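Undergrad: The primary structure of each chain is shown beneath.
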Amino acid sequence: MIPIVSDLAPLVCGLLLAVTGAGKLFGRRTAQLAANTVLVRVLNDGRRAGLALRAVGAAELAVAAALLAVPGTLLPGVATAVLGAGFTGYLGYARATAPESSCGCSAKAEGPIGVRSFARAGLVLLGGAAAATATDPWWTEAARRPGWSAAFAVAAALLLCAVSADLDHVWLLPLRRLRIRLFGNPLAGAADGPVPVAASVELLEQSVAWQAASPIVRSALLDHWDDEGWRVLRFAGVYEQAARGARPVNVLFALDLGASIDTTSSPAVRVSVIDDDTDEMVPVDLLAGMATRQVLPMAT
Amino acid sequence: MSHRQNDPGRRGLDRRRFLTTAALGGATIVGASALGGLDADAAFAAPMPSLDPAISRSAFAEGRITQIKGSVLEVAGSHGDQHLIQLTNATSIWKLRTTTADQIQVGDGLYARGVDMPDGTIAADAVWVNIVNLYCTVKGIAKDRLHLAHGAQDHAVVGHIVADTTTASYLGGALTSDLSRVRIGQSAQILGAWRPADDAIDIARVTVGH
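Chains as they are written, first to last, in full-length UniProt numbering: chain A, 1 to 300; chain B, 1 to 210.
If you are wondering where the hints come from, they were derived from the structure by calculation, not from laboratory data. Note that the structure is predicted; figures quoted are calculated from it, not measured. Glycine included, each C-beta is placed from N, C-alpha and C at the ideal position. Among these hints, one or two may not hold up.
Examples of chain A residues lying across from chain B (beta carbon under 10 angstroms, computed) [claimed, not checked]:
#, residue
1, 82
2, 123
3, 177
4, 263
Some, not all, of what chain B presents toward chain A, calculated at C-beta under 7 angstroms [stated by the list, open to error]:
#, residue
5, 21
6, 30
7, 119
8, 120
9, 123
10, 143
11, 172
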């Protein structure tokens, strides 16, 4: 293999495994993290899953120490490759049996297993294979070709950032913000559309008309349509009369099509109550009880 | 109760025309109050005793729909309970938007408010299908979707923006279809409809900056 890659692979893999291993072994949230992994089901116990995750962390730390201290020997590289293969197999199993579970790969909590998890595990496997073929220690190689070594280290760091969700806030989100600043917001341009139905309902629900009709209304919004500058909102309700008992009614509200809480603080709403069986207008004095139900002023 | 929901005569243009005329013939009531509503948010409102006798008699059910028999939904509750939800022509049905009973499918999640009947069913006044209410962080913005992270685990969630339906709520303003003021990194409350097929969400309303 290319000497610069194989000789510096122990450094990169060693640092990566040191970080993730220490995170797993010493992390205060490891037990919590383990509870979301497929390990719980395999080991039948959340506590044992936590211990298993910590044990993996300890193994990663040991391999990292070996990679950093005695590069150029076969064993640490092989151990790294075995770790990588193990991670890949574990991810494959977890993905197949419990795709929603967390992978628990690095120190921090993360979402379900995805492409990035597999890419990380695959990189560990490849890095281990490269490290196993190293001929010189990484410090010798770094001293021999400092420029190329620095470039390789930067490239490796960028690659690891790209496959790690933990560092998204450092580079990915600023990059996305920059893209929106440079190329414009992809959601711009809908500002002048018609008033959404939800905004009409919002205005209705803040009106005296709604308050007055609310003892009759039973359903949520049942139907709505626009007609000649009006927006009609239909609700189902029950109107109870001492003489005739309860009867199903339609409660219809008509509002100005362009009105919202932005355009008016005192909405004008037409209200009518229609008997659902006979389609007759039900004469209801909606404001009859309103005087006794005045909203009290709020203490401020 | 009768089931005239699918009768075209009851839902057609003529019917709407008639109801429009009726609606415009009603009394005009002017003024603002702050009583609040029975809309999608109400499905998440904490149950509290209401002064209104009609509301205090309400029954409430939630779960996954296991079977649909005519206008009756069989629902398996999250706590091992079973419900039979009777839909009528007076039942409002929400699935991302106001819709009709034929949009409900087996496997959908459901919240229902209604009245307990003597035969053990619940006659539903309002049904919210697949409704979800998530507190998220906006991680990315694309033309037709928001990339969101939800909860302590930062679970990745895709929120689809649906034309003519998705609205945004900014502090002090009316609901608007203008989503351009949503920022990456912002905390957002997402009210929407879960899509069982791909586990994504169709966004009904994104609330930011409150």
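Undergrad: Take the hints in turn and mark each one as holding or not.
TA: Hints, one by one, checked against the model:
Because the beta carbon of residue 82 (chain A) sits about 29 angstroms from the nearest beta carbon in chain B, more than 10 angstroms, this interface hint is broken. With its C-beta approaching chain B no nearer than about 21 angstroms, residue 123 (chain A) sits outside the 10 angstroms limit, and its interface hint is violated. Restraint check, residue 177 (chain A) versus chain B: the minimum CB separation of about 5 angstroms is within 10 angstroms; hint holds. Hint status for residue 263 (chain A) relative to chain B: holds, with the closest Cβ pair at about 8 angstroms, below 10 angstroms.
With its C-beta approaching chain A no nearer than about 9 angstroms, residue 21 (chain B) sits outside the 7 angstroms limit, and its interface hint is violated. Taken as an interface hint, residue 30 (chain B) checks out: its beta carbon lies about 5 angstroms from the nearest beta carbon of chain A, inside 7 angstroms. Hint status for residue 119 (chain B) relative to chain A: violated, with the closest Cβ pair at about 19 angstroms, above 7 angstroms. The restraint placing residue 120 (chain B) at the interface with chain A is violated, with a minimum CB-CB distance near 20 angstroms, outside the 7 angstroms limit.
Because the beta carbon of residue 123 (chain B) sits about 10 angstroms from the nearest beta carbon in chain A, more than 7 angstroms, this interface hint is broken. Residue-level restraint check for residue 143 (chain B) holds (minimum Cβ-Cβ distance to chain A is 4 angstroms; threshold 7 angstroms). The beta carbon of residue 172 (chain B) is not positioned within 7 angstroms of any beta carbon in chain A (closest approach about 9 angstroms), and the interface hint is therefore violated.
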